[in-house]
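Chemist: Residue numbers (the numbering used here), protein chains in the order written: chain A, 26 to 424; chain B, 72 to 482.
Hints listed in this document are in silico derivations from the structure and should not be mistaken for laboratory results.
All of these numbers come straight from a predicted model, not from anything done at the bench.
The following residues of chain A were derived to be distant from chain B, with all beta-carbon distances above 10 Å:
| no. | residue |
| --- | --- |
| 1 | Ala-106 |
| 2 | Asn-125 |
| 3 | His-208 |
| 4 | Asn-220 |
| 5 | Val-233 |
| 6 | Glu-243 |
| 7 | Gly-330 |
| 8 | Thr-382 |
Simulated DEER-style distance windows between Cβ atoms:
| no. | chain 1 | residue 1 | chain 2 | residue 2 | range |
| --- | --- | --- | --- | --- | --- |
| 9 | A | Asn-279 | B | Pro-416 | 25 to 35 Å |
| 10 | B | Asn-243 | A | Gln-296 | 54 to 64 Å |
| 11 | A | Thr-329 | B | Pro-246 | 18 to 28 Å |
| 12 | B | Thr-381 | A | Thr-329 | 53 to 63 Å |
| 13 | B | Glu-195 | A | Asp-214 | 44 to 54 Å |
| 14 | A | Glu-99 | B | Thr-213 | 45 to 55 Å |
| 15 | B | Gln-263 | A | Asp-155 | 49 to 59 Å |
| 16 | B | Gly-194 | A | Pro-262 | 36 to 46 Å |
No residue lacks a Cβ here, since even glycine has one placed at the ideal position from N, Cα and C.
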Amino acid sequence: MFKGKSKLVSGIIATSLLLLVLSACGKDNNEGAAAATSPASSSAASTTDASSEGNSAIQEGTSKLQDETSKLQEAVKNKDAAEVKRLGKSVNDAWLAYENSVRQLFPLEYTEIEKYVMPIFSASAFDKVDFEALTGTAAKLQDALTALKNAKPTTGTTSELLTKAVANYKVYVQEQADGLVSHTKLFVDAVKAGNIEEAKSLYSKARVYFETIEPIAESFGDLDPRIDARLADAEDPNTWGGFHRIEKALWVDNNLQGMDVYADQLLKDTQELSEKIKSIELEPKTVVAGAIELLNEAATSKITGEEELYSHTDLVDFAANVSGSKSVYLSIIPALNEKNPELGAQLDKQFQQLEQTLLGHQENGQYISYDKLTTEQIRKISDELSVLSSLMTQTASIL
Amino acid sequence: MESNEKKQGMSRLDFLKMSAVAGVSLAIGGAGVAAIENAISPSKTEAAGKDPKDEQIQLYGVHQPGIITPQQTYMYLASFRMTSDKASVVRLFRDWTKFADLSMSGGTMRTGDNPLLPPSDTGETLDLPASRLTVTFGFGPTFFRLDGKDRFGIANQLPSYLKDIPRMPRENLDPLQSGGDVCVQVCADDQQVAFHAVRNFIRLSTGYASVNWMQEGFISGRPGQTPRNLFGFKDGTANNLHQTPAGYDSVVWAGDGEPAWMQGGSYMAYRKIRMLLEVWDRSSLSDQQDTFGRHKESGAAYGKKGEFDTVDAAQMPNTAHVRLAKESKQMIHRRGYSYTDAVDPRTGNVNAGLLFVSYQRNPEEQFIPMLKLMQSKDKLNEYTSHIASGMFACPSGIREGEYIGQKLLES
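Could you build all of it, start to finish, from the sequences and the hints given here?
Modeler: Written as C-alpha cells, this is what we have:
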C-alpha cells in the first residue's frame, strides 16, 4: 500500500525498550543495577572463549549438512519427490541444530546459508516439487557450505560491520528491483495479451519483489503511489493506475480492456525504480528504519486484508514484507553479534516462529486467500508479528 | 524525595526532573520484549496540591485498590489471554506491578538517551497528575485450567467460587467480549490518565499475553451522592448499607475457606448490559419508576421519602428491579460504569448501556441467585440485553516489593 509519511508515523505501534524512571529518593534495587550493565561486553568475551570449541562444532555440523545436501541433490536428480520432501526437512533440521553458533562466529556465511535453506525446507511442504529450482538452490547451498568451512571469524569495529551490512543489503535491494522489473514484464505481457488467467497467476509473483523493498520505493516521491496506490489512496480515481488498478480489472471487472496504458506505465515505473536504486545512498539508520517500516506495513494494511482488496493475496505481500525485513536483520547480524547478541538470538527465534506460522497457511506452495483465514488465525499472525516488531525496533540500539 | 513541601502538587514533569535513569535493561525475556526494571515510585504520602486530581491512591495494602475506592469518573476494563509459559506470566506480572505503582504515583517511564529507539512511555500523561488512578487485577477460570490442562501448575489454587457465570435466560453473549485469563480494571478521574495506563499495560504484555477485549466507561455524580445511570436513575444506592469495615468484610472480602492468596481478595462479576435508550426514553415516567420501584428524581423507594430510607418491597410492583434485588436478600458491592458505543447504522439507535461491575466475597451466594431472579422476572429486561460476561478472582493486596499474584504463582 502506498502511504504518506504522516500516515506511516501514526501507524507505528511499536513497543520500545522501556526504561523506567528511578526516583531520586534512592531506593535500592540490585536486580536493576545488575541489568544496567551492558550485556554486550560480557557476551563478547564469552564468544571469543567459545570460539575454538564453537569452531569444531561448526565443522562437524557443516559436514553433516553437506552430506544431507548431497543426498538431496541426488534425489533431485532422480526426481524422487518423496525423498526430496523428506530431505528438505532433514536439511533444515541439520541446519537448526547448529545455526546459532554459526550466527555468532560467521555471520556473513550464516546469511548466505540461511538464504538457501529456507526455500529447500519450504519445498518439502509443497505437493508439487519444482526440481529445476531446487537444483540451483541446492548447488548454491553447497557453495555456501564450502565457504563456511574455510571461513575466518568475522572481525571489525561496529561501524565497519555496519558499512558492510549496508553494502550487503544494497545488493539485495538491487536484486529485488531487477526481479521486480523482469516479473512485471511477464505480468504486463500477459495483461496486454488479454490473458486473464495467466496475468492473475503472475500478479502476486511480481508484487513480491516490490513488497520486499517497499520503503525504498517510498523514498522516491511519487513512484510508490504510481506503482502501488490502492483506489482509496488515489488523489483522483480517474487517473488511478498501477498494480492495484489492474488487480481490479482482473478480479472484479474480469475484463482487461483499456489496461494496456496502465500496464505500459507500470513497467516503465518499475524500470525507473530499478534505475534510481542503482545510485541510491543507504545509511545504516535508513536500512534499520526500513526494516521496521516493512513490519509496520505488514501489521497495518496486509494483516487487515486491505492491501489486496480484490485478489485477496495479502498473505503473499505479508510474507514478502517479513522477508524484506529479515534480509535487513541478516545483514546486520555481525553488528548485532558485536553489540547485542541476545537480541540477534531473539530475532532469529521470532522470525522462525512467524515463518513457521505462515508456512501453515500455504497449500501447494501457495499462500491461501486472505478471506479463507479465520479471525483467530489472523490474530495469531498479528500477535507474532507484534513481538517481532518490538524486537526489531530495538535493533536501532546498535547504531 | 527531599521534603514534604516539595512533594506537594508535584507534577509528572517535576517527578521526571527529580529522577535518574537506571536499570537500562535489554528486554531479554522468554519471547523477549520490553522490560521494566527498577520501578521505584515517588514517596507515597498523599499529595495535597490544589488540584484535586493530584490525589494519589496507594497500590500497596491489605486489599487491592479500585474495589472499595470511591468511584472515579472513568474506567477501562481490559481482558487478556496468556500466550506463553509460567515464567513469562511471572515476568509480566512483575512488570505490570511496577508500572501500576509508577503510574498510580503519577510517574511516567523515562525515555532513554538513544533517539533512534521509540520512546519508552507513550507520553500522553507527562503533564498530568495521578488523578486517583487505580489498577485492579483479577484472574479468570481459564488462568487456572484451560481445556482441562493445569497450564501454570496452579490448578490446586483455584478459589472456591471461581467459574464462569452460568447461562442466564434472555442473555445474548458475545464470546469475543467475554471472559479471559486476566482482567485489568483501570479507573481514574481523568480519562487520559486511565487510557494511558491501560495502553501501556497492553504494550508491556507483548510476547506474554494478548488483549482480548477492552471496554471504556464513565460515571459522574457530585461527591457523596449516588451517581445516575443512563436511564436517569441512581445506581448503587444499596452500597450505602455496607460501607463500614465490618460491612466490607461481610460483603466484599473473601476469607476463610479460600486459598491464602485469595483471602482479602474479592470476586469481580462483570456484565455488559446494553440499554435500549430510545425505547426507554419513549416510556412514561410512571412506567420508568415502576420498572425500578424508585422515584426517579429523589431516588426514594416507593412509599418512602429519601434515597436511603429503608426499602419496603411490598410497596413496589412485583417485577420492580429494586424489589427483586431486595428479595434476593443478598448484598453486593456495585461499581458499574456507563458506556456508549457507535450508532447502529440500520436503526439510528445509539449503542449504550452499563458495564455492570460488582465485587463480592461469594458470588454463588450473593450474586448468581440475584442475577437469575432478575433475568427471569425483572421488568427492566424489557429495556436491556446482556451482551458480555465475566467472573474474575481478584487476589488480596500486596506489600511493597511483592508483585500482584505472587502468592498464587509462587504457591
